[in-house]
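Enquirer: Protein chains in written order, with this note's numbering: chain L, 1 to 462; chain Z, 1001 to 1304.
It is possible that some hints are incorrect.
The calculated label-pair distances, taken between Cβ atoms and stated as ranges, are [as the list claims (entries may be wrong)]:
1) Z/ASN1224 with L/GLU192: 40 to 46 Å
2) Z/THR1273 with L/SER397: 17 to 23 Å
3) Z/MET1287 with L/SER397: 55 to 61 Å
4) Z/ASP1176 with L/PRO406: 55 to 61 Å
5) Z/ASP1034 with L/THR281: 32 to 38 Å
6) L/HIS91 with Z/PRO1283: 49 to 55 Å
7) L/VAL86 with Z/THR1273: 29 to 35 Å
8) L/THR270 with Z/ASN1224: 50 to 56 Å
9) L/VAL296 with Z/GLY1073: 15 to 21 Å
10) L/GLN399 with Z/THR1273: 38 to 44 Å
11) L/ARG79 with Z/ASP1034: 48 to 54 Å
Cβ-to-Cβ under 10 Å is the rule here; a few derived chain L residues that face chain Z [to be verified]:
12) ALA94
13) GLU98
14) ILE99
15) THR103
16) LEU295
17) ARG329
18) GLN398
19) GLN399
20) THR402
21) ASN403
22) VAL440
23) GLY441
24) ALA445
25) THR447
26) ASP451
Sample of chain Z residues facing chain L (criterion: CB under 7 Å; computed from the structure) [what the hints assert, rightly or not]:
27) GLY1027
28) ALA1030
29) ASP1035
30) GLN1044
31) THR1088
32) ALA1089
33) VAL1102
34) ALA1105
35) SER1109
36) GLN1142
Quick caveat, the hints were computed from the structure, so don't treat them as lab data. Treat the numbers as computed from the prediction; the structure is a model and nothing was measured. Idealized CB from N, CA, C, for every residue including glycine.
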Amino acid sequence: MRRLGLAPALALVLGVTSARAEDAPPPGAPAPQGSPAPAAPPATDDGLRAEVARQGAAIEQLQASLEVAKKEPESHVFRFSGFLQVDWVIHNQASQDEINGSTGQPLNQDRFTLRRGHVRVDAEKGLVLGSLEIDANTTSGPQVRPIDAEVSLRWPQKPDDRLPSLMATMGLMRIPFGYEVQELDYVRPFLERATVLQALFPGEFDLGARFKVKYNVLDLAIAVMNGNPIGNKVFPDLDPVGAKDLVGRIGVDFEIARGVRFQAGVSGDTGTGFHAGTPATASQLVWQDQNGDGLVEPGEIVAIGGTPATPSQVFHRFALGGDARLIVRLPPLGDLSFRAEVIDAQNLDRGLEVADPVGAGHDLREVGWSGGATQEITRWGMVGARYDVYNPDADASQQRATNLVPVDRSYSTFALMGMLRYEQARLLLEYDINTNPLGVGSNGAPTTLADNALTLRGQVVF
Amino acid sequence: MGGPALGSAAVALGLVAASGALSCSSGVQADTGDDAYMHVSGAQFFRGAMPAGSATGPGVVQLDLMSNNIWEGLANDAVSGALAPTATAAAIGLQGDVGYWVVTAGVPSVATPGDPSFAATAAFSTGIVVGSYTLVVRAVDQAGNFGLPKQQILVAEPSPTNPPATGDLVVTLTWDTESNLDLHVVDPAGTEIYSGNPSTEPPFAYDQPDGGSWGYIDYDSNANCVIDGLRREDAVWPHTPPSGQYTVRVDTPSLCGQPIADWTVEVVLEGSTIAQASGVALPADTMGSHGLGSGVLALTFAVP
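Please model the entire structure based on the sequences and the hints provided.
Expert: This is the structure in structure tokens:
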């Protein structure tokens, strides 16, 4: 989001002043008091000297004004910003003109969607900052929700390269894990984040408290969070467990050589998951119309015994991740950027195949990685590709006939992207080649349920 | 300036086309098979005819059906059996259907140790008509080879749970969503029958020689939004109905969360359809009372 802060505003003022100074005044008009003298074309050496002296005086005057402005006590600053992403799913192989019988939702995916419509307001005074961001979308029907709500205390008030920059924040905020989770939606060159991140950190935002330190090339963020992100399939933005999750990332960001920038980090997440207990049930008789004739017959009355209540249980979950990014400036084309991220986790899937080791009877090891590259084509375009893989249960097996065989439950996406850019607007076309374990082949083994998709996205940032 | 941009778009589109061509070679298509006569719970649907198979493929050792009799709307029909040892899946379908279903083979049952088993629950759509159908089951091995089939004739008969109403005069209301609609019929004497007054049967009707010219409502479908799935009510005069003018109304106590309900009223007199009407029940129709005299006018007809 583009924000108009104090420095850009001053630059704008100075720019306007400078531009006005360059305007030729009417002949014979007196120079306005407090502003640079008119710049008449110098005809001689004396004239040139006088002109240089005049401009020198003008620069000194502007610098003095700037210093005064810097020393003025800062008042409240409010900034409004936002962005809009509208998708047209031109074709999705999984699309059907049918209804999902269990959810009642349409199975058609070929549609227009308001993917994200965000409005954000930032406020700051002195050392205190506040932010509120609202998301409106139609992904699963019309929805409006808070996506980011933070109150922060920072030091120092003005960034100073000689001092570490500290910030303490509480509220609903981005989970400080990895690179893509924290990458802004309107900056990310691909439609969505890698599958592993959508599974482990659904919604990317969670409630908690975070402490950030940035000094020189070092960037550290550590947070205590509920552990139930906004996109959680179970208890989103709630927390059924008293224990909190500890999440953090430490990274570096520096220039290796002229025009070559490197970013990397390691992240960790450790916390507690929740397995819901069940209430006690009474014994009951159930009629099972086994022959479907609508008549109660002997043998169709089944006794179902009662069960005692089972208590809820908690389990440990964690994730370790590493991310790296290399950006090479290639004039006149633009930046060539490489990105890679790898995560090893356990019992942390909260968005795709929700991990419940109590129900599964074993810990669920999740492994995922992604790698991609983008190339700017001047300031007007960009192309890129990314491949990502996610396995929600690395130890999965299946009973197939007489054998218990290991099965690969991996999801993968190969995304090919082309983008046109104009000022703050983008038109992005992406084709996703998806594989998954959701279908059953004619031999009974899991296979990909066709799900490739071609999507056109329009985006504008304001 | 536009040249490189257009170039990048062309590159992207080229990649898209190439990837699209590459991506169509593996996996199965998403298809719920809702238009098939037979549905198998938890199985993968394959559209098209079942592969012919050969003697080199695995065979079906045993096929067990709960019953050879089926009817429209039959659910929970168990299909199970045993497959040759090399089989890893069973393909199940009705001959001539739009597709077939595949279920993964399981561990051997006690009755057939050493042979992989399969078990499925089948349901039959409302498209099933009275007659004979052939159930085909083939075993499939790990390499995807289909074996020779085992077939079973299924006899489709009228549904015992929802038989068509019979009588000299039958007024039928049907609708298409799981809503609560009520049929109201006013006979020539001005007596209205509906779910709140389900019969015009006079006292001691059984004393009359012909049983009397009285009518009744056979069922109150989806009453109080307890969904039974029938979506049908009949007003039936078993014997000669009174002569005169009849009025038929359709009341909508509740749409039960559905946006609308399309309804149809049909009047059959001595086996012949003499009147028909259709309409839409809207949320506005649920307002007001839902007793005697309520509902929108569907049609009027005369019995000579």
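Enquirer: Hints first: check each against the structure and report whether it holds.
Expert: Outcome of the hint check:
1. Z/ASN1224 and L/GLU192 have their C-beta atoms about 44 Å apart, which keeps the hinted 40 to 46 Å range intact.
2. For Z/THR1273 paired with L/SER397, a C-beta distance near 59 Å fails the hint of 17 to 23 Å.
3. A C-beta distance of roughly 57 Å is found between Z/MET1287 and L/SER397, which places it inside the suggested range of 55 to 61 Å.
4. Hint check: Z/ASP1176 to L/PRO406, Cβ distance near 47 Å, so the stated range 55 to 61 Å is violated.
5. Distance hint for Z/ASP1034 and L/THR281: a CB-CB separation of about 34 Å, consistent with the stated range 32 to 38 Å.
6. L/HIS91 and Z/PRO1283 have their C-beta atoms about 35 Å apart, which leaves the hinted 49 to 55 Å range violated.
7. Taken as a hint, the range 29 to 35 Å is violated for the pair L/VAL86 and Z/THR1273, whose Cβ atoms sit roughly 51 Å apart.
8. For L/THR270 and Z/ASN1224, the hinted distance range of 50 to 56 Å is satisfied, since their beta carbons lie about 51 Å from each other.
9. With their beta carbons about 18 Å apart, L/VAL296 and Z/GLY1073 fall inside the hinted range of 15 to 21 Å.
10. Distance hint for L/GLN399 and Z/THR1273: a CB-CB separation of about 55 Å, inconsistent with the stated range 38 to 44 Å.
11. Under the hint 48 to 54 Å, the C-beta atoms of L/ARG79 and Z/ASP1034, about 51 Å apart, fit the expected range.
12. Against a cut-off of 10 Å between C-beta atoms, the interface hint on L/ALA94 holds, since the closest Cβ of chain Z lies about 4 Å away.
13. For L/GLU98, the suggested interface contact is upheld, since its CB lies about 5 Å from the closest CB of chain Z, less than 10 Å.
14. Because the smallest distance between the Cβ of L/ILE99 and any Cβ of chain Z comes to about 9 Å, under 10 Å, the interface hint for this residue holds.
15. Look at L/THR103: its Cβ only gets to about 13 Å from chain Z, farther than 10 Å, so that hint breaks.
16. The interface hint given for L/LEU295 holds, since its Cβ lies 8 Å from the closest Cβ of chain Z, which is under the 10 Å cut-off.
17. Interface restraint check: L/ARG329 against chain Z, minimum CB-CB distance 16 Å, threshold 10 Å, status violated.
18. Using the Cβ-Cβ criterion of 10 Å, the hint placing L/GLN398 at the interface with chain Z is satisfied: the shortest such distance is roughly 7 Å.
19. Taking 10 Å as the C-beta contact cut-off toward chain Z, the hint placing L/GLN399 at the interface holds, the least distance being around 6 Å.
20. Taking 10 Å as the C-beta cut-off, the interface hint given for L/THR402 holds, the closest approach to chain Z being about 6 Å.
21. Interface hint status for L/ASN403: upheld, as the beta-carbon distance to the closest one in chain Z is roughly 9 Å, under 10 Å.
22. Satisfaction of the interface hint for L/VAL440 is found here, the shortest Cβ-Cβ separation to chain Z being roughly 4 Å, below the 10 Å cut-off.
23. Here the hint on L/GLY441 is kept, as its CB sits about 7 Å from the closest CB of chain Z, short of 10 Å.
24. Proximity of L/ALA445 to chain Z holds as hinted, the smallest CB-CB distance being about 7 Å (cut-off 10 Å).
25. Using the Cβ-Cβ criterion of 10 Å, the hint placing L/THR447 at the interface with chain Z is satisfied: the shortest such distance is roughly 5 Å.
26. Below 10 Å, beta-carbon pairs count as interface contacts, and L/ASP451 has one with chain Z at about 7 Å; its hint therefore holds.
27. Against a cut-off of 7 Å between C-beta atoms, the interface hint on Z/GLY1027 holds, since the closest Cβ of chain L lies about 3 Å away.
28. Restraint check, Z/ALA1030 versus chain L: the minimum CB separation of about 4 Å is within 7 Å; hint holds.
29. With its C-beta approaching chain L no nearer than about 9 Å, Z/ASP1035 sits outside the 7 Å limit, and its interface hint is violated.
30. A distance limit of 7 Å between C-beta atoms decides the matter here; for Z/GLN1044 the minimum to chain L is near 4 Å, and the interface restraint holds.
31. Proximity of Z/THR1088 to chain L holds as hinted, the smallest CB-CB distance being about 4 Å (cut-off 7 Å).
32. With a least beta-carbon distance of about 3 Å to chain L, the hint placing Z/ALA1089 at the interface is held under the 7 Å criterion.
33. With its C-beta approaching chain L no nearer than about 6 Å, Z/VAL1102 sits inside the 7 Å limit, and its interface hint holds.
34. The beta carbon of Z/ALA1105 is positioned within 7 Å of a beta carbon in chain L (closest approach about 4 Å), and the interface hint is therefore held.
35. At a threshold of 7 Å, the smallest CB-CB gap from Z/SER1109 to chain L is about 12 Å, leaving the interface hint violated.
36. With a cut of 7 Å, the hint placing Z/GLN1142 at the interface with chain L holds, because the nearest CB-to-CB distance is about 5 Å.
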